[in-house]
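**Q** With the hints as constraints, model all of the structure from the sequences given.
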Amino acid sequence: MKITVYYEDKNHPTILEVPDDECSVWVETDYQMRLAKAEDKSAVKRRTAQEIMDEDYNKPTFNNNQTETRRHTSLDALDPDGQHIPDGTDFLKDPDKREQMEGLHAAIQKLQPQQRKLLHQIFVENKKQKDIAAEEGVSPQAITRRLNKIYAALKNILK
Numbered sequence: 106m107k108i109t110v111y112y113e114d115k116n117h118p119t120i121l122e123v124p125d126d127e128c129s130v131w132v133e134t135d136y137q138m139r140l141a142k143a144e145d146k147s148a149v150k151r152r153t154a155q156e157i158m159d160e161d162y163n164k165p166t167f168n169n170n171q172t173e174t175r176r177h178t179s180l181d182a183l184d185p186d187g188q189h190i191p192d193g194t195d196f197l198k199d200p201d202k203r204e205q206m207e208g209l210h211a212a213i214q215k216l217q218p219q220q221r222k223l224l225h226q227i228f229v230e231n232k233k234q235k236d237i238a239a240e241e242g243v244s245p246q247a248i249t250r251r252l253n254k255i256y257a258a259l260k261n262i263l264k
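No gaps in the numbering here: position 100 of the sequence shown is 205 in the numbering used here, and each next residue is one more.
Everything labelled a hint here was simulated from the structure, so no lab data went into it. Be a bit skeptical, because a hint or two may be false.
Here are the simulated DSBU-like cross-link-like pairs (lysine-lysine), alpha carbons at most 35 Å apart as the crow flies [to be verified]:
1. 215 / 232
2. 150 / 202
3. 235 / 215
4. 150 / 264
5. 264 / 215
6. 202 / 142
7. 202 / 232
8. 264 / 222
9. 202 / 146
10. 232 / 222
11. 254 / 232
12. 233 / 150
13. 233 / 254
14. 264 / 202
15. 264 / 235
16. 254 / 264
17. 254 / 107
18. 215 / 146
Being a predicted model, the structure only gives us computed values, none of them experimental.
**A** Printed below as a string of structure tokens:
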């Protein structure tokens with residue numbers, strides 16, 4: 106069975122060839138999960154694999170959320186040298202890492218209060234840029250520009 110995936114670009118879809126038996130499992134699992142959650146069981150119908158893909162994954166909001174998640178994940182998962190940080194790493198045990206973290210915290214303290222607040226919202230509260238923009242009545246691009254200025258300032262401080 107062929108399934109069309111729109112990965113951030115509706116003009117260039119990816120066509121996946123998925124074995125029919127795997128699609129059957131996916132369709133049945135989706136049906137059972139939706140049936141378990143539904144109040145009106147008779148209203149729940151089986152969706153085709155493409156319907157599942159379109160409704161759950163090919164929506165622009167899903168792709169936007171995935172972009173935000175990838176950005177956070179990529180920033181969280183790499184140390185300054187570009188090496189993957191394994192889960193459970195204790196930076197306080199490694200003197201070099203501890204020194205780097207202390208330097209980063211000191212650099213963040215030199216930022217303006219509104220810049221520190223934005224970093225806190227993004228990396229501690231895990232808010233999305235579009236949500237922060239909506240709260241502040243600005244465009245998401247304005248938040249991106251603010252973050253780029255913050256990153257540049259941190260880079261200069263940490264030199």
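**Q** Hint by hint, note whether the structure agrees.
**A** To see whether the hints hold, each was checked on the structure:
Of the pairs offered as hints, the one joining residue 215 and residue 232 holds, with about 23 Å between alpha carbons and a cut-off of 35 Å not exceeded. Note on residue 150 and residue 202: the hinted pairing is violated, with a Cα-Cα distance of about 53 Å set against a maximum of 35 Å. Restraint check: the Cα-Cα separation between residue 235 and residue 215 comes to about 26 Å, which is no more than 35 Å; the hinted pair holds. Our distance criterion of 35 Å between C-alpha atoms is broken by residue 150 and residue 264, whose separation comes to about 59 Å.
For the hint pairing residue 264 with residue 215, the CA-to-CA distance comes to about 14 Å; that is within 35 Å, so the pair holds. As the CA atoms of residue 202 and residue 142 are separated by approximately 46 Å, the hinted pair breaks the 35 Å bound. Restraint check for residue 202 and residue 232: the C-alpha separation of about 26 Å stays at or below 35 Å, so the hint holds. A distance of roughly 23 Å separates the Cα atoms of residue 264 and residue 222; the hinted pair therefore holds under the 35 Å criterion.
As the CA atoms of residue 202 and residue 146 are separated by approximately 54 Å, the hinted pair breaks the 35 Å bound. Our distance criterion of 35 Å between C-alpha atoms is met by residue 232 and residue 222, whose separation comes to about 12 Å. This hinted pair checks out: residue 254 and residue 232 have alpha carbons roughly 19 Å apart, not beyond 35 Å. Only pairs whose Cα atoms come within 35 Å are accepted, and residue 233 paired with residue 150 is accepted, the gap being roughly 33 Å.
Among the hinted pairs, residue 233 with residue 254 is consistent with the structure: their alpha-carbon atoms are about 18 Å apart, no more than 35 Å. Proposed proximity of residue 264 and residue 202 is supported: the alpha carbons are some 16 Å apart, at most 35 Å. For the suggested pair residue 264 and residue 235, the alpha carbons sit about 31 Å apart, so the restraint of at most 35 Å is met. For a cut-off of 35 Å, the pair hint linking residue 254 to residue 264 stands: about 16 Å separates their Cα positions.
Between residue 254 and residue 107 the CA atoms are separated by roughly 44 Å; this puts the pair beyond 35 Å, and the hint is violated. Pair hint residue 215 plus residue 146 does not hold up; C-alpha atoms about 57 Å apart against a cutoff of 35 Å.
In this structure, the earlier hints numbered 2, 4, 6, 9, 17 and 18 are contradicted, and the remaining ones agree with it.
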